[in-house]
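Given chain A's structure and the hints, the job is docking chains B, C and D onto it.
4 protein chains.
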Amino acid sequence: MRKVSYIDDFEHWKSEFDFSIRIDVRFSEVDMFGHMNNVATFDYFEEARIKYMAHIGLFKDLSGDELPVVGDLQCDYHKQVYFGETLYIYVKAQSVGNSSLDLHYLGINEQGDVCITGRGVIINMNKKTGKSAPLSTEHREAILTAVK
Amino acid sequence: MRKVSYIDDFEHWKSEFDFSIRIDVRFSEVDMFGHMNNVATFDYFEEARIKYMAHIGLFKDLSGDELPVVGDLQCDYHKQVYFGETLYIYVKAQSVGNSSLDLHYLGINEQGDVCITGRGVIINMNKKTGKSAPLSTEHREAILTAVK
Amino acid sequence: MRKVSYIDDFEHWKSEFDFSIRIDVRFSEVDMFGHMNNVATFDYFEEARIKYMAHIGLFKDLSGDELPVVGDLQCDYHKQVYFGETLYIYVKAQSVGNSSLDLHYLGINEQGDVCITGRGVIINMNKKTGKSAPLSTEHREAILTAVK
Amino acid sequence: MRKVSYIDDFEHWKSEFDFSIRIDVRFSEVDMFGHMNNVATFDYFEEARIKYMAHIGLFKDLSGDELPVVGDLQCDYHKQVYFGETLYIYVKAQSVGNSSLDLHYLGINEQGDVCITGRGVIINMNKKTGKSAPLSTEHREAILTAVK
Chain A
3 MRKVSYIDDF EHWKSEFDFS IRIDVRFSEV DMFGHMNNVA TFDYFEEARI KYMAHIGLFK
63 DLSGDELPVV GDLQCDYHKQ VYFGETLYIY VKAQSVGNSS LDLHYLGINE QGDVCITGRG
123 VIINMNKKTG KSAPLSTEHR EAILTAVK
Chain B
3 MRKVSYIDDF EHWKSEFDFS IRIDVRFSEV DMFGHMNNVA TFDYFEEARI KYMAHIGLFK
63 DLSGDELPVV GDLQCDYHKQ VYFGETLYIY VKAQSVGNSS LDLHYLGINE QGDVCITGRG
123 VIINMNKKTG KSAPLSTEHR EAILTAVK
Chain C
3 MRKVSYIDDF EHWKSEFDFS IRIDVRFSEV DMFGHMNNVA TFDYFEEARI KYMAHIGLFK
63 DLSGDELPVV GDLQCDYHKQ VYFGETLYIY VKAQSVGNSS LDLHYLGINE QGDVCITGRG
123 VIINMNKKTG KSAPLSTEHR EAILTAVK
Chain D
3 MRKVSYIDDF EHWKSEFDFS IRIDVRFSEV DMFGHMNNVA TFDYFEEARI KYMAHIGLFK
63 DLSGDELPVV GDLQCDYHKQ VYFGETLYIY VKAQSVGNSS LDLHYLGINE QGDVCITGRG
123 VIINMNKKTG KSAPLSTEHR EAILTAVK
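Chains as they are written, first to last, in our numbering: chain A, 3 to 150; chain B, 3 to 150; chain C, 3 to 150; chain D, 3 to 150.
Next comes chain A alone, as it looks inside the complex (with noise of 0.2 Å):
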């Protein structure tokens, strides 16, 4: 695998995942040449998102005044994926910030090939001022007890 700037030592951070969702890449995630498109990744990572924050009890209740938004999000495609194969899309909480906290992802096939990896972080935003707001205790502690 190529190395990536923000995975020291992979065995060691393959390790620490254990928290994944299935995708059955569709018909209309395939390009013109068979190959899985990339922005498709983005939305896999976006649904094994909002399950893993449901899963440790994170953003339970967006009708309150606080809002998880995107901050950036990076991916780098180790393999070529084709329709019909199967991804096990995994995430974890990698570190926690103020008002943020870093997501790590891992996508492998069925025969356990490494084909993509990611990060990005998530902000925690207030919605009346759209600026970011220190998490809550609450959130912070769900946040550590995750992280490894």
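Heads up, some of the hints might be wrong.
Given that identical chains are not distinguished, each listed pair holds provided it fits within a single copy or across any two copies.
Said to hold, decoys possible - As a list, the in silico DSS-like pairs of lysine-lysine whose alpha-carbon atoms are at most 27 Å apart:
(1) Lys150 with Lys129
(2) Lys129 with Lys62
(3) Lys129 with Lys5
(4) Lys16 with Lys133
(5) Lys81 with Lys53
(6) Lys130 with Lys150
(7) Lys130 with Lys16
(8) Lys62 with Lys130
(9) Lys81 with Lys5
(10) Lys62 with Lys5
(11) Lys129 with Lys81
The hints are simulated quantities; they were obtained by calculation from the structure and are not laboratory data.
This is chains B, C and D only, laid out in the frame that chain A set:
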């Protein structure tokens, strides 16, 4: 604007762009909070990239042995974008390697605000081997002419 | 052109359109056989519909009690469309009911070939009850002015 | 449920389905009013169609001379669907023609409510001529076995 790892001097970086496409944010690209979905930006980068590569004379013939594939992608979200807004997505060749080139992206709204920035490597892939292949002299020269 | 149930006299039907939007078929909207994906056309209809309704003065304020929702949609594919082609999506109000209106669609390429036709009902829904509600006098008049 | 043109007796029509796929409505498929976007349903139909055709033995080999293309599509929206809901998309072969077949669709939520219904013709196209071609005896028999 928040500091991002791939931009040293923002004003200088910005001054090197001279190609852009216009994007009207679609209703289907807006999420339940009224914000442009973060996945849509990678669709915009793709459109900008395809038109830019055609503009500088790269990969004009995809029926041959070689194909440009995406090696990695990243995007930083600096300002929320809403349904009905227009974005101008700028793209430039930042650097060239033996078998790849690095493209950078800038998305600004009609008021000139920086909404998104990004980058990603394009790899020249041989269709038969599925592996990277050195850029042809023609492609390398086209890229070097474009890089500021 | 193949006969479709919602068009009696094609030339007459076509002559009633006078509003259109331009769509450049995106790379991500093309499938592994090089054809425009059939799902993309409904995205095009949506863009055309939103801009047409704004054009004739419908549903300008979505913060009120009422919301336009899609009751049904249909599309007939008459000619294959490929990546890089430009489509002009025409839309018109065909008829109006008590709480709904019927919109018709025509998509032609730059050579003037009919590529797609379609139609669908838009229902005026009350946000609180989740049920259809009579169109206001203002909306009804705007539609009747638009219907040929 | 609202009456639709392609369903005579709803209970009878519904009883003929015995193949379905499960769809979890994605965050990116929900619009700014919290509703499942109407375009997403055609993606669901496509997934259901591809898996159903494989299930009954149609178009197993797309490397040959023939390709299934979509002739028309329609969808009726009976009940709003929200983010996080699960839909079961049923599909059946309703009838067969010389070079085409008519597929019908039913989407129900976990409570068994009818949320969407639809239909559309699939045409057997010859890749070289770009025109419709008679279904092979093998394909015709597979469809006739599936039609109730």
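Status of the hints after comparison with the structure:
no., hint, in the structure
1, Lys150 with Lys129, "neither (30 Å within a copy, 41 Å between copies)"
2, Lys129 with Lys62, "both (15 Å within a copy, 24 Å between copies)"
3, Lys129 with Lys5, "between (38 Å within a copy, 23 Å between copies)"
4, Lys16 with Lys133, "between (33 Å within a copy, 25 Å between copies)"
5, Lys81 with Lys53, "both (25 Å within a copy, 25 Å between copies)"
6, Lys130 with Lys150, "neither (33 Å within a copy, 42 Å between copies)"
7, Lys130 with Lys16, "neither (38 Å within a copy, 31 Å between copies)"
8, Lys62 with Lys130, "both (19 Å within a copy, 24 Å between copies)"
9, Lys81 with Lys5, "within (13 Å within a copy, 31 Å between copies)"
10, Lys62 with Lys5, "neither (35 Å within a copy, 30 Å between copies)"
11, Lys129 with Lys81, "between (39 Å within a copy, 14 Å between copies)"
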